[in-house]
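Just so you know, the sequences run in chain order A and B. When we follow full-length UniProt numbering, the leftmost residue of the first sequence carries the number 1, and every step to the right adds one. When we follow full-length UniProt numbering, the leftmost residue of the second sequence carries the number 1, and every step to the right adds one.
The list treats identical chains as interchangeable, and a pair is accepted whether it falls inside one copy or across any two copies.
With a straight-line cut-off of 20 Å between C-alpha atoms, the simulated DMTMM-like cross-links for lysine to aspartate or glutamate are:
1) Lys292 to Glu263
2) Lys287 to Asp169
3) Lys291 to Glu214
4) Lys262 to Asp243
5) Lys292 to Asp169
6) Lys262 to Glu211
7) Lys271 to Glu225
8) Lys177 to Glu225
9) Lys292 to Glu211
10) Lys246 to Glu263
11) Lys287 to Glu211
12) Lys184 to Asp74
13) Lys271 to Glu247
The hints are simulated quantities; they were obtained by calculation from the structure and are not laboratory data. Quick caveat, the model's predicted, so the values are computed rather than measured.
Number of protein chains: 2
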Amino acid sequence: MAFNDLLLKALNKEKTERPPVWLMRQAGRYMPEYMEVRKKVSFLELCKTPELACAVTLQPVDILGADAAILFSDILIPIEPIGVNLSFNPAPVISNPVRTMEDVNRLNHFNPESDAPFVYKTIDLLVKKLNVPLIGFSGAPFTLACYMTEGAGSKSFLEIRKMMLNTPDVFHSLMKKLTEDTIKYLQNQVKHGCAAIQMFDTWAGILPPAEYKEMVFPYVKEISESISAPFIYFAKDGSAYFDTIKELNCAGIGIDWKISLKEANVMLGSKFSLQGNLDPAILFSNKASIKKYAETAINEGKLCPGHIFNLGHGIMPATPVENVKYLIDVVKGLA
Amino acid sequence: MAFNDLLLKALNKEKTERPPVWLMRQAGRYMPEYMEVRKKVSFLELCKTPELACAVTLQPVDILGADAAILFSDILIPIEPIGVNLSFNPAPVISNPVRTMEDVNRLNHFNPESDAPFVYKTIDLLVKKLNVPLIGFSGAPFTLACYMTEGAGSKSFLEIRKMMLNTPDVFHSLMKKLTEDTIKYLQNQVKHGCAAIQMFDTWAGILPPAEYKEMVFPYVKEISESISAPFIYFAKDGSAYFDTIKELNCAGIGIDWKISLKEANVMLGSKFSLQGNLDPAILFSNKASIKKYAETAINEGKLCPGHIFNLGHGIMPATPVENVKYLIDVVKGLA
Numbered sequence: 001m002a003f004n005d006l007l008l009k010a011l012n013k014e015k016t017e018r019p020p021v022w023l024m025r026q027a028g029r030y031m032p033e034y035m036e037v038r039k040k041v042s043f044l045e046l047c048k049t050p051e052l053a054c055a056v057t058l059q060p061v062d063i064l065g066a067d068a069a070i071l072f073s074d075i076l077i078p079i080e081p082i083g084v085n086l087s088f089n090p091a092p093v094i095s096n097p098v099r100t101m102e103d104v105n106r107l108n109h110f111n112p113e114s115d116a117p118f119v120y121k122t123i124d125l126l127v128k129k130l131n132v133p134l135i136g137f138s139g140a141p142f143t144l145a146c147y148m149t150e151g152a153g154s155k156s157f158l159e160i161r162k163m164m165l166n167t168p169d170v171f172h173s174l175m176k177k178l179t180e181d182t183i184k185y186l187q188n189q190v191k192h193g194c195a196a197i198q199m200f201d202t203w204a205g206i207l208p209p210a211e212y213k214e215m216v217f218p219y220v221k222e223i224s225e226s227i228s229a230p231f232i233y234f235a236k237d238g239s240a241y242f243d244t245i246k247e248l249n250c251a252g253i254g255i256d257w258k259i260s261l262k263e264a265n266v267m268l269g270s271k272f273s274l275q276g277n278l279d280p281a282i283l284f285s286n287k288a289s290i291k292k293y294a295e296t297a298i299n300e301g302k303l304c305p306g307h308i309f310n311l312g313h314g315i316m317p318a319t320p321v322e323n324v325k326y327l328i329d330v331v332k333g334l335a
Numbered sequence: 001m002a003f004n005d006l007l008l009k010a011l012n013k014e015k016t017e018r019p020p021v022w023l024m025r026q027a028g029r030y031m032p033e034y035m036e037v038r039k040k041v042s043f044l045e046l047c048k049t050p051e052l053a054c055a056v057t058l059q060p061v062d063i064l065g066a067d068a069a070i071l072f073s074d075i076l077i078p079i080e081p082i083g084v085n086l087s088f089n090p091a092p093v094i095s096n097p098v099r100t101m102e103d104v105n106r107l108n109h110f111n112p113e114s115d116a117p118f119v120y121k122t123i124d125l126l127v128k129k130l131n132v133p134l135i136g137f138s139g140a141p142f143t144l145a146c147y148m149t150e151g152a153g154s155k156s157f158l159e160i161r162k163m164m165l166n167t168p169d170v171f172h173s174l175m176k177k178l179t180e181d182t183i184k185y186l187q188n189q190v191k192h193g194c195a196a197i198q199m200f201d202t203w204a205g206i207l208p209p210a211e212y213k214e215m216v217f218p219y220v221k222e223i224s225e226s227i228s229a230p231f232i233y234f235a236k237d238g239s240a241y242f243d244t245i246k247e248l249n250c251a252g253i254g255i256d257w258k259i260s261l262k263e264a265n266v267m268l269g270s271k272f273s274l275q276g277n278l279d280p281a282i283l284f285s286n287k288a289s290i291k292k293y294a295e296t297a298i299n300e301g302k303l304c305p306g307h308i309f310n311l312g313h314g315i316m317p318a319t320p321v322e323n324v325k326y327l328i329d330v331v332k333g334l335a
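Please take these sequences and the hints and turn them into a complete structure.
Here it is as C-alpha cells:
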C-alpha cells in the first residue's frame with residue numbers, strides 16, 4: 001500500500017483532494033482495543049513499553065483509518081528523568097513541585113536517548129509498520145512548568161503565576177531548561193523518523209496576552225525554529241494570542257473549537273496550515289449533526305493555506321467509537 | 001456622608017475623576033472578618049440569613065473602601081426552590097440533575113418573593129445602610145443550566161452539550177424557564193433597591209461561537225432588555241463572542257484578564273462601559289507589580305466609554321487582604 005502523505009502535503013500547503021484527518025487523543029480510553037491493553041498495564045507502563053505503545057498508536061490508524069499516527073505517550077514523560085516524581089491517579093501528581101531556584105538547579109541534565117529510550121524505541125517500531133506519517137510531540141515549556149510548579153492539574157495554576165510575578169528569574173531559568181530539553185527531545189524524535197511534530201501548550205490560555213507575549217512566546221518560537229520537521233503549535237484557549245502567534249514561521253497552528261477556522265485564519269495572517277477544530281462534544285451527538293459540523297470545518301478549511309482536520313481538543317473517554325469512525329469517514333468522503 | 005455614585009456615573013458613561021472600583025467575590029474567604037462569620041454557619045445558611053448576608057456584604061465596603069457593594073449570595077440560590085437539590089461541598093452538587101423534558105416539566109413555578117425571601121430581606125437591610133450602590137446579580141441561564149444538567153461543576157459540561165446537540169427542544173425549554181425565572185428574580189432585586197445588576201455567564205466560554213450566538217445569546221439579550229436598572233453582562237472566556245455580544249444594548253460588559261481592555265473595547269464597538277480586568281493572580285504579587293498592572297488597566301479604561309475597575313474573575317481564597325486593600329487604594333489614587 002502506497003504511503004499516505006496527505007498530512008505532509010497539507011502542512012506543506014500543497015493542494016489536496018480532501019483534508020487529512022487525525023484526532024487528538026485518537027488512541028485512548030474510548031476504544032475497546034485500547035482498554036484491552038490497559039487492563040494489563042498502568043498508563044505509565046504503557047507509555048514506557050515500546051511494543052504496547054506501538055500497538056495502541058497503530059489502533060486508530062488500522063481500525064478507524066486515521067491519516068496520521070501520533071506517538072502514544074504523555075507530555076509529562078520527559079520531565080520524570082530530570083528529577084520530577086510523577087504519578088497518574090489518573091490526573092498527574094508531582095510529589096516534589098519545582099518552586100525555587102534551588103529546585104530548578106536540582107533538575108538533572110536531560111539525555112533524550114538514555115532518559116527516554118522507550119520513546120525512541122516506540123518510534124523505531126512504528127516507522128517500520130506505518131504507511132501514514134508519524135507525528136511526534138511534546139508539551140510546551142509553559143504547560144510543563146504549570147504542572148511542575150503546581151504539582152498537579154489546576155484551573156488557575158496559581159503557583160506558576162506567583163513565580164512569574166514574584167521570582168521571574170526562577171521562571172525564566174525553568175523555561176530555559178525546559179526549552180533546551182524540549183528541543184533535544186523533539187530533534188531526536190525527528191531523527192528517529194517522526195515526519196511532523198506537534199507541541200501542546202494546553203495551559204497557555206490562562207495568561208493575560210501581554211504576559212504570554214513577553215514571557216512565554218519567545219520560548220515557543222525558539223523551539224519551533226529548532227525543529228527540522230514540519231511543526232504544529234497548539235495553544236488551547238489561545239485565540240487571544242493569535243496576534244503574537246502569527247509571528248511564528250512554522251507549518252501549522254492547532255485551533256480549538258472556541259473560534260471558527262475562518263476567523264482564526266484571518267487573525268493568523270492566512271499563512272499557516274490550520275489544524276482543527278471540531279468540538280469534541282459533537283462526537284456525542286448523532287450522524288446528521290456530526291456531518292453538519294464536520295462539513296462546516298471542511299468548508300472553512302478550504303479558505304486556509306492548508307487544513308488538517310482534527311478536533312479542537314482531545315477525544316473524551318466516553319465518546320462512542322462508531323461516531324469517531326463515522327467522522328473520519330465523512331472527512332474522507334466515504335459517508 | 002454623601003452617596004458615592006461613581007459606579008452609576010461610569011455605567012451611564014459620564015466622565016468621572018477616576019474609575020469606580022469593586023471586586024468580584026470581594027466578600028469572601030480571603031477576609032478574616034468573613035471567615036469569622038463563616039465559622040458559625042454553612043455557606044448556604046449564610047446566604048439565607050439576611051442579617052449575616054448583609055454583614056458580609058458590607059465588609060469590603062467598610063473595611064476596604066469598595067465603591068460598590070454586591071449582594072452576598074450564590075448564582076445557584078434561585079434554582080433550589082424550583083426543585084433542584086443543591087448542596088455545597090464546597091463546590092456545588094446537585095443530586096437530581098435535569099436532563100429530560102420530564103425533568104424540565106417537573107421544575108416548580110418560581111415566585112421570587114416567597115421562594116427567596118431572604119434575598120430581598122438582605123437587600124432591604126443593605127439599602128438602608130449603604131452609601132454606595134448595591135449591585136444585584138444572577139447567573140445567566142446557560143451557566144445555571146450547565147450545573148443543573150451536569151449535577152456538579154465540570155471542565156467540559158458534557159451533559160449540556162449533549163442536550164444541546166441531541167434534544168435541543170429540552171434545552172430550549174430549560175433555557176426559556178430559566179430566562180423567565182431570572183427576569184423575575186432580577187426585576188425584584190431592582191424593585192427592592194439594587195442600583196445595578198450583573199449577570200454572570202461563567203461557563204458560556206465552553207461553546208463554539210456559532211452555538212453561543214444561536215442557542216444562548218437570545219436569552220441573554222431578552223434578560224438584558226427586561227431589567228430597568230443598568231445591566232452588566234459578564235461571560236467569562238467570552239471574548240470569542242464579542243462580535244455577538246456587541247449586539248446588546250446594556251450598560252456594561254465584564255471583561256476577563258485574557259484580553260486587554262483596549263482590544264475588548266474595539267471588538268465591542270466602543271459602546272459599553274467595560275468592567276475589569278485585572279488577573280486575580282496579580283494580587284499574589286507585590287505592591288510594585290500590583291500598581292503597574294492596575295495602572296495599565298486604568299489607562300486602557302480611559303479609552304472606553306466608561307470603565308469600572310474590577311478583576312477579570314473572582315478574588316481567590318488565599319489572596320493577601322493587604323494586597324486587595326492596596327489595589328483599591330491605587331485605583332482611588334491613594335497609593
